[in-house]
Amino acid sequence: MPTMLEVQNLVKEFKRRDGDIVKAVQGVSFDIHEGEIFSLLGPNGAGKTTTISMISGLISPTEGDASIGGHSITKEPLKAKALLGVIPQEIALYPTLTARQNLEFFGRMYDITGQELVKRVDEVLEFIDLVDRQNDRVETFSGGMKRRVNIGVGLLHRPQLVYMDEPTVGVDPQSRRRILDTVLRLRDEYQMAVLYTTHLMEESQELSDRVGIIDHGKLIAVGSVGELTQQVGEEDRLVLNVGEQIVGEELLGRLKSEINGISNVSYANLAVDGAAAQGEINILATRGRKALPDVITLLNDVWIDVSSIEVREPDLEAVFLNLTGHALRD
Amino acid sequence: MQKIWTIAWREIYTTFTDRNLLILMIVTPLALATIIGLGLGGLAENPDVAIQDIPLALVNLDQPNSQGVTFGDVYVDIIIPGGSDEGGEDFVANCEATGGADAAAQQSANLEQLLEPVELDDPEEARALVRDGTYAAAIIIPEDFSAHFGEDFGSSDESVAVEVFASSAAPISGQIVRAVAEGITNQILTGQISISATFGALDSTFADQPELGAVSGQAMQSDEDFAPDFSCAFDPAFTPLSIERQAVTGDAVSFNPLVYFGAANAVFFMMFTAQAGANSILQERRQGTIQRLIVTPTPRFSVLFGKLLGTLTNCFLQLIVLMLALTLVGSLIAGQLQFIWGRNILIIALVVIAASLAAGGLGTLLTSFARTPEQAGTIGSAVIILMAALSGSFFPVEALAALQPLPQLTLNYWAIDAFNRLSIGRTDVWLNMFILIALGAAMFSVGLFIFNRRGDI
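Residue numbers (my numbering), protein chains in the order written: chain A, 1 to 330; chain B, 331 to 787.
Because the hints were derived from the structure by calculation, they are not lab data. Check the hints yourself; a few may be wrong.
Pair ranges (Cβ atoms, derived) [to be verified]: (1) B:Phe764 to A:Thr96: 36 to 46 Å; (2) B:Leu352 to A:Gln174: 36 to 46 Å; (3) B:Leu654 to A:Gly70: 51 to 61 Å; (4) B:Leu654 to A:Asp188: 55 to 65 Å.
Some, not all, of what chain B presents toward chain A, calculated at C-beta under 7 Å [to be verified]: (5) Arg349; (6) Asn350; (7) Leu354; (8) Val625.
Beta carbons: idealized from backbone N, C-alpha and C, even for Gly.
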């Protein structure tokens, strides 16, 4: 399969107001082939968006380069951009224009004009299933419909590489399912290469042909889901819900040192802003079921009540925990 | 270029299909200008409201020329009837045969109502009193004024200038005094040409009929009291061009509040449009559309120029629509079509473009200092309102000498001044246009530099 995107040693440094240099991306390299879905998986702030911003030409890299369809983003940015379809996380549309007007406007920005533009817009409206609402202003649409127009704009010029930035954030389950199906259709029906960023392990696992795991600006692993989970070996992941109770580093250290077979322990508070704590302890352990009684006993000793326990087979979350020492949603 | 137009067209389409924006851009300034105009009586039967009692200093330094004539006295007599040492009102009022007395009386009455003149001896003192606000303007007639008219009433090759020293605090009064001075100068010049032409005709007659010339010469020599009175030549009824009538009593010196406050409000609200246009860069950045444009194969400068072109076109259209609407309002109330902005469509359009460019530059600069659309809105509103107040958009700043020369630092001042000049038929607005374009370009460049440095676009 021909390579659609080749990323070579991308580095991005930002200068803070106090003069310190922050390395947001540190030497990221990977490639994506035609008809392949590649997920960039990492927690918020890991460097996914900065990496993608450099690839799409929004910001220039401090070092390194990337090429789309053989065109360098630093030397031939316009040619490279012409092959890239961008579907941002936020709804990036003009609310007072209709769906059709939005598509036509952005189509012209890709040099599509005249009858060809009319034809492409019709095709896209059909693809996103909004033919009957094409002449309504976007501001009157539901969130899911806006998402579909948002996707349509990125596909109008028939790009060879589509970049989707966490497109399911804040989306209801029905719309989420529709978006995931769309991504699969792009690969299966149109042979497009898709670069998909997410912090949701489940999406990455379902969609991806290959996954790149990124943390603290570094790409720490690349491979298929199967290849990556093999790195964890036979280790199970124990997920213990502790509700509003806060677990400190000392207890996590005791779990790791006092119980045999545990290789990694982390705690994450999954509560959204303002809500009560929703604590979750993630434990990576060989023969996790055997270690479970000891874990419960130790937690009881320090008055931590466990409200639910789940033992999971090796997955990308476990891989991430194994590689970084902390959970994806930390 | 096609992409620039596409981006600009979207800006224009979005603006002119937004009902709320249109109310702010067109309806509000139109209503305000009309209300203020009505309040000042500018839309009564006679739409031209005369300004009265403009304090004027008059300094006549003129000395008699070789013919013993002092044309400076004509100035004094017209502005202050009976004010010269040369017989006062006799100079222009004794022309009953031509009906000049009535015309002169009418002119004097108009000027008496219009001006409150005081004759001074020292030009420096006059200038100082203008600077401190005692007088709105001073007319200074130089020593060699009459001398430049040459012998035999022929024109001199050298030009001579009557100085009109006007206070920047009183631009309208200054314009009126200048128009009066131009009118009187033209009146003198016209009269002088008439006399010259008369003598030329006599010369030709005497040359053709030498015997007639000899008889006339003898008669003149035998009559010691022969002293021809050419004063009627300077009379408004005699002079065929009647320029002074236009200058003193007609449109030229009239103050139409609909024009002044129409221009002031149009420029004021146009600056909000320009600022909103520039602010849309920050708004689009927030909603992600500017990023989406940048990731298309469109150069960044095309994105920026497209937005700028859209904003400038919005400003241009807003001003044009407002000016047409105000023309309609003025015409409806006057009962006939009134070109309240003047008839020089080309120069009016150029001034509108210059004002739009200046407003666009200001909007870009103001927005470049802000991080968020809200910040930009606050900073922009504060600066625009301050500039409007300083420039006299809300109240006449002529009365506040302490503010000088701050009004001239505002874009509004130069734009309003240009529109007012055009409305009275003047076309000397090139300085205004130059300042508007230069300021606009400078502010736009600085704003662009800041935007670029911050990496906003």
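Here is how each hint holds up against the structure:
1. B:Phe764 to A:Thr96: 36 to 46 Å: Roughly 38 Å apart at Cβ, these two residues keep to the hinted range, so it holds.
2. B:Leu352 to A:Gln174: 36 to 46 Å: 39 Å, holds
3. B:Leu654 to A:Gly70: 51 to 61 Å: With Cβ atoms ~55 Å apart, the hint holds.
4. B:Leu654 to A:Asp188: 55 to 65 Å: About 59 Å separates the Cβ atoms of Leu654 (chain B) and Asp188 (chain A), which means 55 to 65 Å holds.
5. Arg349: 11 Å, violated
6. Asn350: Since chain A brings no Cβ nearer than about 11 Å to Asn350 (chain B), farther than 7 Å, the hint is violated.
7. Leu354: 15 Å, violated
8. Val625: 5 Å, holds
In this structure, the earlier hints numbered 5, 6 and 7 are contradicted, and the remaining ones agree with it.
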